[in-house]
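As they're listed, the protein sequences go chains P and Z. Residues 1 to 403 (our numbering) are what the first sequence spells out, left to right. Residues 1001 to 1403 (our numbering) are what the second sequence spells out, left to right.
By construction, these hints were calculated from the structure, which means they are not laboratory data. Computed from a predicted structure; not experimentally measured. A few of these clues could be false.
Okay, derived cross-link-like pairs now, DSSO-like style, lysine-lysine, Cα gap no bigger than 27 Å in a straight line [said to hold, decoys possible]:
1) Z:Lys1068 x Z:Lys1336
2) P:Lys200 x P:Lys132
3) P:Lys51 x Z:Lys1382
4) Z:Lys1132 x Z:Lys1092
5) Z:Lys1092 x P:Lys336
6) P:Lys396 x Z:Lys1051
7) Z:Lys1382 x Z:Lys1336
8) P:Lys360 x Z:Lys1068
9) Z:Lys1360 x P:Lys25
10) P:Lys168 x P:Lys25
11) P:Lys368 x Z:Lys1396
12) Z:Lys1125 x Z:Lys1026
13) P:Lys362 x Z:Lys1336
14) Z:Lys1068 x Z:Lys1103
15) Z:Lys1029 x P:Lys26
16) P:Lys13 x P:Lys206
17) Z:Lys1336 x P:Lys92
18) Z:Lys1382 x P:Lys396
19) Z:Lys1362 x P:Lys25
20) Z:Lys1103 x Z:Lys1013
21) Z:Lys1051 x Z:Lys1206
22) Z:Lys1362 x P:Lys396
23) Z:Lys1206 x Z:Lys1260
24) Z:Lys1360 x P:Lys26
25) Z:Lys1396 x P:Lys360
26) Z:Lys1029 x Z:Lys1125
27) P:Lys206 x P:Lys4
28) P:Lys168 x P:Lys206
29) P:Lys26 x P:Lys132
30) Z:Lys1132 x Z:Lys1025
31) Z:Lys1132 x Z:Lys1168
32) P:Lys396 x Z:Lys1132
33) Z:Lys1025 x P:Lys362
34) Z:Lys1336 x P:Lys51
35) Z:Lys1013 x P:Lys362
36) P:Lys382 x Z:Lys1051
37) Z:Lys1132 x P:Lys336
38) Z:Lys1168 x Z:Lys1260
39) P:Lys13 x P:Lys103
40) Z:Lys1168 x P:Lys360
The lines below spell out each chain.
Number of protein chains: 2
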Amino acid sequence: MLRKIEGGITAPKDFKAAGVHAGIKKTGKEDVGVIYSTVPAAAAAKFTTNKMAAAPVLVSREAVSSGKARAIVVNSGCANACTGDQGLIDAKAMAYTAAQALKLDNSEVLVASTGVIGVALPMDKITSGINKAVAALSDTGHETMLASIMTTDTFEKACAYEFTLGGKPCRIAGIAKGAGMIHPNMATMLSFITTDAAIKPEILNKALSQAVELSYNMISVDGDTSTNDMVAVLANGQAGNAPIAAENSQTYQDFYAALKTVCTELAQLIVRDGEGATKFLEINVVGAVDFADAKCTAMAIAKSPLVKTAFFGQDPNWGRILCAVGYSGAQTQPEKTSLAIGDLTIVVDGQAAAGFDTSKLKDIMAAKDIAITVSLGQGEAKATVWTCDFSYEYVKINGEYTT
Amino acid sequence: MLRKIEGGITAPKDFKAAGVHAGIKKTGKEDVGVIYSTVPAAAAAKFTTNKMAAAPVLVSREAVSSGKARAIVVNSGCANACTGDQGLIDAKAMAYTAAQALKLDNSEVLVASTGVIGVALPMDKITSGINKAVAALSDTGHETMLASIMTTDTFEKACAYEFTLGGKPCRIAGIAKGAGMIHPNMATMLSFITTDAAIKPEILNKALSQAVELSYNMISVDGDTSTNDMVAVLANGQAGNAPIAAENSQTYQDFYAALKTVCTELAQLIVRDGEGATKFLEINVVGAVDFADAKCTAMAIAKSPLVKTAFFGQDPNWGRILCAVGYSGAQTQPEKTSLAIGDLTIVVDGQAAAGFDTSKLKDIMAAKDIAITVSLGQGEAKATVWTCDFSYEYVKINGEYTT
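Here chain P stands alone, though its shape is the one from the complex:
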């Protein structure tokens, strides 16, 4: 039973946050933020699979390996990626500065950055920004914190829920940023989740892995996997539930359901805010031999520029969807493949359905939210991927990003 609540990532007990303008963003908006648990917390995080992983990813990966962390320090406007040894020094300095101000050990601080690749962090601004943010920490600071991680995002992505664990009321909340360079195995996507549930670090890590696989790793805006992706969760146990210590417990199931809800909601918001997006596309693949095949089929459709531009133009050119199915690499046979868009059956057993009406398809494609369902007829596995269309605006945003 999840109930929406107010208060953002500071809704869970004993979390504080703040975001400040440190001078990196030319707009004058918040660009450095801190999330802080006033008590020790279990921590888990997932990172980009990109081999050019940015310096903050390297630093945070090491820090979180202990299963504990109390603070997350973030900057936007500069990704600190492809910055070599200096980048690593700078990322460590961010953690150090926050740790000093918060009286923590360096290893209790996770670091994240997002923005332009290949440029060194302006460390004087960053350092004073971190100190300012720590001084501003409050249990209502979630809004400025959220603002501090946004780049090309056009709206805020946050949610907070209350639920019960073994009779105790618990809270879980998350924020996310990301609109471009979005592709599974995470994208230029940062997401931070706080909860006052009590849970062992290794169990928290398992829950996060599973939830990420079915949420953030099931979205694609442009097929580009960023250098800086990170989703981190801090669980400080202040709800007072008996700590979750095993996966085969009811409390684990309840916690996982809450975590997955937060991750899925934030992942979908990222797609809705996809750069230049005018449509939200849910791609369901059923009847695959296994999950990997179902996912790769759905991803091939989600990544196809031809499919994405057809939805933008509301052009009922459904053959492009089957074309993507055919090159996805999944086990498929044309004569067993079916396709529906919305509730309209379009292809049955590899060819246009009897009485298929293009004008009805055009009506369905005029909607903002559209579901595409492909049935492969090969097995029982299924997967759902969320993506958006490709518009003139996408080209505009990405042709003018640094200039």
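Once you have looked at the hints, place chain Z on chain P.
For chain Z alone, coordinates are given in the frame of chain P:
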């Protein structure tokens, strides 16, 4: 020694061609074409790897397995893909109609189609079109034939060369169509090559495989592998050279060089005509552990919408190139990776080169033809891929294709 000649695909001896308007294209332009060798010819062809392979691909794949063919019949405006059993009947009927008119066996005719997926061929128009085209066959018919395969192409793609094989003058010529749904393992790309060289079918097949791998399979416009791709070569031996019977001969090397030149020239023309393209990008990857790694790195860069829009916008956001390198799946290490655009060194050992000047990069990006070179520092293998940028016009063309 290759010398450019006039005459298109009818330049090689004893080839005839014609294209006619059969009534499929609404524009009134040519939409059915025939290429014909007046004498028996060795034949080889390569086809799409898409599992939704169109009916004409299935029919031609079977026909060419004999290593012989004398005619190719093509239509544009309708792909005859995802058309089930009826599609197969229709593709066979195309071959039958051409075979009857040319007094050939059905198996001597290759069939190709390009256009919208999922729509049945208008067989009455196709049949009368084929008969009209056969009646119009001539040794100067290369221009109408070429027109008959064009869809969203904005210019003609053809070349013809003369060279010598063992002292005998030989000719080789090719045409191609394709501007969208272009990705290696061929795209909605049709290419037909004629030559009067004498060569054994199995050796012709080997030469075509190698040439395709380094030309058509090294281009990408949008990452979509079409259902209808096909490149076919007919070699009718009328040049009178001693038939090429082995790969380890000088004549094979000379023939292969000519064939590869034709394939590479046509493949590059397809990229130059990429839907909405404003720039031609050559992506060189060197220092890879093997060719597969070099190619997958170059392809990751070529397919990245973020890279492609940055070049369109002449935005010096080079980090996106390294980002694509990082998620390509190839063996890479940031600290060994270098990048140059044009003759400007941008990244050395994973970070911005000393004294790197953004304004110089902007000047380079203003050119129409741009070379990108990534050095992985892992080994000796290299690969070159050609692609284009992503523009507003790409979105416009593909948002309005069927409507």
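Violations among the numbered hints: 1, 2, 6, 8, 10, 13, 15, 18, 31, 32, 35, 37, 40
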